[in-house]
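J.: One letter stands for each residue in the lines below.
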Amino acid sequence: MTKLQTGVSYSKYMSLYTVSYNYCTSSKMHGTGEQGGVGHRSANLMGSDLYNNLIKYFVNHLKTLRTASDALQDEALLRYYAQEWDRYTTGANYINRLFTYLNRHWVKRERDEGRKGVYPVYTLALVQWKSNFFLHVQSKHSKLAGAILRLIERQRNGETIDQGLVKKVVDSFVSLGLDESDINKVSYEVYREHLETPFLEATEKYYRQESKAFLSENSVADYLKKAEERLREEEDRVERYMNTNTRKALIQKCEHVLIREHAELMWESFQGLLDYDKDEDLQRMYALLSRIPEGLEPLRKKFEEHVKRAGLAAVAKLVGEGGAAAEVDPKAYVDALLEVHQKNSETVTRSFRGEAGFVASLDKACREFVNRNAATGTSTTKSPELLAKHADALLRKNNKMAEEGDLEGALNKVMILFKYIDDKDVFQSFYTTKLSKRLIHGVSASDEAEASMISKLKEACGFEYTNKLQRMFTDMSLSKDLTDNFKERMQQNHDDMDITFSIMVLGTNFWPLNPPTHDFIIPQDILPTYTRFSQYYQQKHSGRKLTWLWNYSKNELRTNYLNQKYILMTSSWQMAVLLQYNNNDTLSLDELLAATAISKDILKQVLAVLVKAKILINEETDQYDLNPNFKSKKIRINLNTPIKAEQKAESTDVLKTVDEDRKYVIQATIVRIMKARKTMKNQALIQEVIQQISQRFTPKIPDIKKAIDHLLEKEYIERVEGTRDTFAYVA
Amino acid sequence: MRLLSFFCCVPSSYDEHNNSSNGAAATSSKPAASKAPTKPEPYSEQRAKELFKTYEDPETPGEIGPEGFEKLCTDLDISLEGALPLVLAWQLHATEMAKFKETEWMQGTGELRASNPHTLALVLHDLEDLLLLDKPPIQSSTSAAKKKGTVASDAAEPYNRAKYYKYVADKNKAFRELYNFCFALAKPPTSRNIDMDTASAFWSVLVAPKHPIMKDILEFISEKGTYKGVTKDLWSMMLDFCTTMQPDLSNYSTDEAWPSMLDDFVAWKKPAAAAQDGTVNVEDDD
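Protein chains in written order, with full-length UniProt numbering: chain A, 1 to 731; chain B, 1 to 286.
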C-alpha cells in the first residue's frame with residue numbers, strides 16, 4: 001500500500017492470491033484458538049484470522065496518516081487528505097482483488113448468516129478509513145468539512161480555488177457512506193451529516209448576511225441582478241463539486257434566503273418598476289418570484305390594479321379634455337383603451353412570459369375599465385355603443401384607413417375590446433343599426449371588410465349572434481337581383497318608365513328599421529311605379545306583406561324650371577313636398593299637410609331644410625313659395641340631411657330594444673332550462689341563467705326574478721307544492 | 001290602510017250603507033254572547049231557505065246580491081270592513097264577492113246546520129276567535145262526539161262543529177285554506193290575477209292583525225303605487241313571507257325565491273328602518 005507506483009509483478013500477485021486461497025480452503029479448524037473479535041464456529045470455511053489481520057494492517061496504516069495530518073490545516077489538510085485518499089483507495093482496490101476468494105466465501109458466508117461488521121475487503125478498507133482516520137480528523141471541530149466550507153466561502157467571495165481538490169474530498173465523503181444492509185447501495189449518510197448539513201447552514205448564513213448588506217446599500221433592481229447571479233453560481237457549484245443530491249436542498253435554501261426573505265420588498269417595489277416600464281427588472285423579478293410558491297400572487301394583484309388604474313386614467317384624461325358634458329369621440333375612446341391594453345399586454349408577454357395568471361389579471365382589469373370608466377359613468381351600455389360607433393366609422397367608405405391591411409388590423413383591435421365588453425347584446429344592437437344604415441345608404445367601405453368583421457363576431461359569439469347580420473347581406477343581394485328583374489320586366493311591358501327605380505326588400509325580423517309613424521300620400525308621379533312594383537312582387541311572392549319605409553328612401557329630382565338644371569338629392573318627404581310645386585308656385589302649410597299627410601312636426605322640419613337651402617321661400621308665416629331664382633355652385637345638391645329629432649331618438653331606441661330583447665332572452669332561457677331540468681331550485685336556476693346568458697350580457701338578478709314572476713303568472717312554471725324555492729316546469 | 005273600503009270593488013253606491021254599520025263593528029262579539037241564553041230554533045232546511053229568501057236579490061232570483069249580503073252582515077252584526085264577511089263567504093262556498101247562489105247557501109248552511117242569523121253569527125265568531133284572534137279552541141262537549149263527529153253532537157252543540165274541530169286540528173292549514181279561498185273569491189274568472197286594491201284590503205284584515213310586517217308591506221305598496229295586480233304566486237308567497245320573516249327581516253336572504261315585489265320591499269324597508277328607527281311603529285300602533 002505504500003509503493004503503489006511500482007505495482008506488483010504478476011507472479012507475486014499470483015502467489016499472494018494462491019496463499020490466500022490455500023488459507024481459506026484449508027479445512028482444518030486451526031487458528032480458532034486465537035480468535036479476534038470476528039471469530040466463529042459454525043463454518044468450516046477459514047478466514048477470520050486473515051480478516052482480522054487485514055484490519056490490523058489497515059489500522060496501522062491509518063494511524064500513521066492520522067499523526068501526519070494532525071498538524072495540517074485547511075487547504076494543506078485537504079491536499080494531504082486527498083492524496084492519501086487516492087493512494088489508499090487504489091491500494092485497497094488491489095488488496096480487495098487479492099482477497100477475492102475470501103470475499104467470495106468466508107465474507108459472503110458470514111454476511112449471509114447475518115453477522116454485522118463483516119464486509120468485503122474493499123468496503124472494510126473504507127470502514128476502517130472512516131473510523132480510524134476520517135472521524136478522527138472530523139472530531140477536531142469538523143476540521144475537514146470546515147476546510148471545505150472555508151474554501152467555498154472564499155470562492156463565493158470571488159477568489160479562485162482548486163475545485164478539483166474540493167471535488168475529490170467531497171467524493172470521499174460520499175464513498176464513505178455505507179448501507180449496512182446492502183453494501184452495494186450508496187448511502188449518503190456520511191456526506192449528509194458531515195458535509196451537506198453544515199454546508200447548507202453556512203450557505204444560509206452567508207446569503208442572509210450578504211443580501212441584507214447588499215440591500216442596505218443598493219436598489220432592489222440591483223439586488224434582483226445579484227440574486228439571479230448568485231442562484232446561477234450555486235447551481236454551478238453543485239454541478240462542479242457537490243453531489244447532485246444536494247441540488248434541491250441547496251437551491252431551496254438559496255431561494256428561501258435570497259427571494260422569500262425579501263419577497264415583501266420585491267412586491268413593494270413592483271409598482272415602481274411598472275410605473276417606469278423597467279422591463280428587464282420586471283422580467284427578473286418575475287423569474288425570481290416564480291421560483292417560490294405564492295411569490296407571484298401579489299404581483300398579479302398589483303398588476304391588475306395597475307392596469308385598471310391606467311385604463312381609468314386614460315379615459316379620465318380623455319373625458320377631461322373634451323369637458324364633462326361633451327360626447328366622447330368613439331375613435332379617441334377606443335384608441336385610449338387599446339393603448340392601455342396593448343402596452344400592458346406587451347408587458348405580460350415580455351416580462352411575465354405570457355404566464356396565465358398575469359394574462360388573467362390583465363383580462364380582469366381590462367374588463368373592469370372597458371365597461372366602467374369616466375366616460376361611461378354608471379351606464380354599462382356606453383362602452384359597447386362607442387365601440388360599435390367606432391367600428392361603423394371604420395367600415396364606412398370615407399374612413400382614412402387607406403389600405404386593406406390597416407382596416408383589417410383596426411377591426412382586429414375592435415375585437416380585442418369586444419372580448420371585454422359585458423353587454424355584447426348592446427354592441428350587437430348598435431352594430432346592426434349602423435350596418436343597416438351603411439347598407440341602405442350604400443356607404444359601406446367594402447363587402448370584404450364587412451364579411452371579415454362578421455366572421456370575427458361569429459367566431460367570438462357564435463352563429464346566433466351574427467345570424468341577423470348575415471341575413472341583412474342576403475337581403476341586399478336578393479334586392480339587387482329583384483331590382484334588375486323588375487327593370488327588365490318593365491322594359492318589356494311599359495316603355496313609359498321615366499323613373500329610375502331601385503328597391504330593397506328587407507326582412508322585418510332582421511332589420512332594425514321602423515316604418516314611418518304617420519300616413520303618407522304617395523305623390524302621383526311615382527304612384528304608377530309603386531303600384532307596378534307592388535303587383536310584381538305580390539305575383540312573385542304571394543302572401544308577403546310589403547311595408548314601405550318611406551322614411552329610409554332617397555330620391556333624386558331634376559329641376560326643369562330653372563336655367564341651370566340641378567339634381568336635388570332628397571328624402572321621400574322632401575320629394576313629396578317639392579313635387580307639389582309642379583302644379584303650384586305657392587302653397588300654405590295646411591295645403592302641404594293635406595297633400596302629403598306628413599305629420600306637422602316633421603313637415604315643418606322638412607320645410608325648414610328646403611327654406612334654408614333657398615329652394616323654397618318662407619316670407620309669410622306658414623306660406624311657402626318656390627324660389628324661381630334658385631342658384632347653387634354645385635349641380636348635385638344634397639338636401640337629405642338627417643332631421644335632428646330622428647338622430648337623437650336613435651340611441652334611446654336602440655337601448656329600448658335591447659331592454660325588451662333582454663326580457664325575452666331571460667324568459668326564454670329560463671323556460672329552456674326548466675324544460676330540460678323539469679324541477680330546479682331558485683338559486684341554481686338563477687346561476688344557470690346567468691351562466692348561459694353571460695356570453696351576451698350580464699343579467700341582473702332582479703330582472704331574472706321578474707322573469708320568474710312572469711313565468712309563474714303565465715304558468716310556464718310553478719312552485720313545487722310544499723316548497724318555497726323549487727320550481728317545476730309546467731308542460 | 002284601514003281607510004280602504006273593504007268592498008272597494010263593489011259599486012260605490014253601497015258605500016253609504018257601509019258607513020251605517022260601522023258603529024256596530026266595535027262591539028261585534030258582544031251580541032252573540034248576550035243572545036246565547038235565548039234558545040234559537042234548531043236547524044231545518046226549510047228555515048235555511050226562508051232565511052235565503054230574506055236576502056235574495058229581487059231582480060236575480062236564486063242569488064243574494066251585494067245589497068242582500070250587506071244586509072245579512074248587518075243582521076249578523078259583523079263589520080263589513082273586517083275579515084268576517086270573508087269567513088262567511090268561505091264557510092258558505094261563495095264563488096263571487098258579496099254574492100251567494102242558492103245552492104251554495106243551502107249546502108253551506110246544511111253542513112253547518114245553521115239556519116238562523118244568531119247561529120251563523122256564532123259560527124263566524126267561533127272561527128274568528130280560532131283563526132284570526134288565536135284564542136284557545138272550544139272543547140267539544142262530549143268526547144265521543146268529538147271523535148265520531150256529526151250526529152251525536154247535534155243536541156249539545158249549537159250547530160255542527162265538525163268542520164270547526166277539523167280546523168282546530170291544524171289551525172295553520174285552516175287559515176291557509178281561508179287565505180287561498182279569498183284569492184279565488186276575488187279573482188275574476190277571465191283573469192289570472194286579482195287587483196292590488198282588493199288584495200291590499202284582504203291583507204289588511206286577514207294578515208296584518210297577526211303579522212305586523214304586513215302593515216309595512218302595505219305601506220310600501222301604497223307608497224310605490226306602481227303595483228297593479230297580484231298573481232297567485234305572490235298571494236300565496238305573501239303569507240309565507242309574513243309567517244316566516246322576523247320583524248327586523250334579519251332572516252331574509254336574497255337566495256330564497258321570494259317574488260320580486262318582496263325583494264323590492266326588503267330593499268325599501270331596510271334603509272327606511274335604519275333611518276327612522278322606531279318611529280314607524282308608533283304610527284302603526286294607533
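Be aware that a few hints might be false.
Straight-line Cα separation of at most 25 Å, BS3-like style, residue types lysine-lysine; simulated pairs [said to hold, decoys possible]:
1. K331/A / K458/A
2. K656/A / K269/B
3. K224/B / K714/A
4. K656/A / K468/A
5. K681/A / K656/A
6. K614/A / K600/A
7. K171/B / K663/A
8. K675/A / K232/B
9. K224/B / K269/B
10. K397/A / K343/A
11. K663/A / K232/B
12. K614/A / K656/A
13. K678/A / K232/B
14. K228/B / K706/A
15. K163/B / K706/A
16. K228/B / K656/A
17. K714/A / K228/B
18. K364/A / K458/A
19. K226/A / K212/A
20. K382/A / K278/A
Don't read these hints as lab results, they were simulated from the structure.
J.: With reference to the structure, classify each hint as holding or not holding.
T.: Status of the hints after comparison with the structure:
no.: 1; hint: K331/A / K458/A; verdict: holds, 23 Å
no.: 2; hint: K656/A / K269/B; verdict: violated, 30 Å
no.: 3; hint: K224/B / K714/A; verdict: holds, 24 Å
no.: 4; hint: K656/A / K468/A; verdict: holds, 18 Å
no.: 5; hint: K681/A / K656/A; verdict: violated, 31 Å
no.: 6; hint: K614/A / K600/A; verdict: holds, 21 Å
no.: 7; hint: K171/B / K663/A; verdict: violated, 41 Å
no.: 8; hint: K675/A / K232/B; verdict: holds, 22 Å
no.: 9; hint: K224/B / K269/B; verdict: holds, 12 Å
no.: 10; hint: K397/A / K343/A; verdict: violated, 30 Å
no.: 11; hint: K663/A / K232/B; verdict: holds, 21 Å
no.: 12; hint: K614/A / K656/A; verdict: violated, 38 Å
no.: 13; hint: K678/A / K232/B; verdict: holds, 21 Å
no.: 14; hint: K228/B / K706/A; verdict: holds, 15 Å
no.: 15; hint: K163/B / K706/A; verdict: violated, 39 Å
no.: 16; hint: K228/B / K656/A; verdict: holds, 23 Å
no.: 17; hint: K714/A / K228/B; verdict: holds, 16 Å
no.: 18; hint: K364/A / K458/A; verdict: holds, 23 Å
no.: 19; hint: K226/A / K212/A; verdict: holds, 12 Å
no.: 20; hint: K382/A / K278/A; verdict: violated, 35 Å
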